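Trainee: Now for the letters of each chain:
4 protein chains.
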Amino acid sequence: MADKNTTLQELKDIVKAFSKERDWDQFHTPKNLSMALTREASELMEIFQWSGSKESFERVKEKQEAVQDEVADVLHALLRFCDMTDIDLSEAFAKKMIKTAKKYPVKKCKGKPLKYTELDN
Amino acid sequence: MADKNTTLQELKDIVKAFSKERDWDQFHTPKNLSMALTREASELMEIFQWSGSKESFERVKEKQEAVQDEVADVLHALLRFCDMTDIDLSEAFAKKMIKTAKKYPVKKCKGKPLKYTELDN
Amino acid sequence: MADKNTTLQELKDIVKAFSKERDWDQFHTPKNLSMALTREASELMEIFQWSGSKESFERVKEKQEAVQDEVADVLHALLRFCDMTDIDLSEAFAKKMIKTAKKYPVKKCKGKPLKYTELDN
Amino acid sequence: MADKNTTLQELKDIVKAFSKERDWDQFHTPKNLSMALTREASELMEIFQWSGSKESFERVKEKQEAVQDEVADVLHALLRFCDMTDIDLSEAFAKKMIKTAKKYPVKKCKGKPLKYTELDN
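Residue numbers (the numbering used here), protein chains in the order written: chain U, 42 to 162; chain F, 42 to 162; chain V, 42 to 162; chain H, 42 to 162.
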């Protein structure tokens, strides 16, 4: 599988089948899956806990397999959330990009790492 | 866009162009992006903070737009992380699924919400 | 030590000495400590990942030692953050309680688990 | 109130009274409070999202009030968790410090930001 030719639906279907086989639907409520997602994300973060910000690129190379495993776990939890809640993730993404682009107009935030609430009006 | 016909690469390219236009590469280190990812996940989680586990399905309907926005933000941060670190997310996912399937054999964990370290040997 | 007769300063001093002995000040920036704090909190949360909300009281008993270890780790990270940033935690707490009480007037939020932004005006 | 002369029990009592007055015990399960704790921690973390690690000390000064509010919120959630689960936080802390000191012997980890699992044996 490669990003170039894998659709989100294909991955969603794998995640769905995996849980179905284990009879895990009963545990996979939106609340629980949002917790799992946060926890997986924090496990990825832990890898960079004590690295400097720029040095964290080096860290990715040192911990290549762990990093790849953690991003995969995050994706798994996210897809499972969308599967159980009937959310089309690509559609949600496309809609949100329009909002985000409005919140962060190029002119105002070019080269600035501000939150949109901190941008001058 | 729809999950059925959208590849991960297409979404990654959108995220890349978005950041490039804003000259944000300088801030998008693995460390910072892992923090952003965790924060976005916790914002999704906040929506279900006080709901019961099963009631959280109801909550998704009440807060439909917020939920969709938050899953989109999580995906955005995740894709951006993979873009900046040259990780093929689909490939990482496929590899990890094999490991996860081994950690959680159907026989042992069917209908059980245990962590693999808690499964009987 | 017991909550009844232990001050926050006493705990802060223990944490400070612990890090000093290990020459860890150099890693303990506010950014890094806020990451550690989030991660420790998510480790506590993981214990309750698949429990129902009410069943989580039972889970505390089953996992007593793990739960106590995790709350201790959270406190450790929090005190270390306040130590490195010269924040008097009790003072910050007292000030914030006044704000929180205003945000959540008893009349409006009695028996309601709403976020203050969701309270009717 | 000041860290020098405030005990954890005093703060716990304030938190307890605050929730009792609002009839919030019903929502304050260990599961929910562990979620709230994680979320509050991630709100503190958000303040340092785009700062460099060392620059984050500067950021504390710029965002003084926000930082103090967030550490207070974390403490609030932590105390409330311990209140609802009958955990003496100081006692848990003292016990855990002994374990942590064993995991991180001065000799092995002086000046090193490693996780104990990464220390040479």
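If you are wondering where the hints come from, they were derived from the structure by calculation, not from laboratory data.
In this text, all values refer to a predicted model and were calculated from it rather than measured experimentally.
Where hints are given, some of them may not hold.
Pairs count within a copy or across copies, as identical chains cannot be separated in the list.
Unchecked claim - Listed below are the simulated BS3-like cross-link pairs for lysine-lysine, each with C-alpha atoms no more than 30 Å apart in a straight line:
no.	residue 1	residue 2
1	45	136
2	149	45
3	156	136
Trainee: Please sort residue 149 with residue 45 into within, between, both or neither, judging by C-alpha distance up to 30 Å.
Mentor: neither (33 Å within a copy, 35 Å between copies)
Trainee: Measure nothing new, just compare the shortest in-copy and cross-copy C-alpha distances for residue 156 and residue 136 to 30 Å and report within, between, both or neither.
Mentor: both (20 Å within a copy, 26 Å between copies)
Trainee: Please work out whether the CA atoms of residue 45 and residue 136 approach to 30 Å or closer within one copy, between two copies, in both situations, or in neither?
Mentor: both (22 Å within a copy, 16 Å between copies)
Hint 2 from the list above is the single one not met by this structure.
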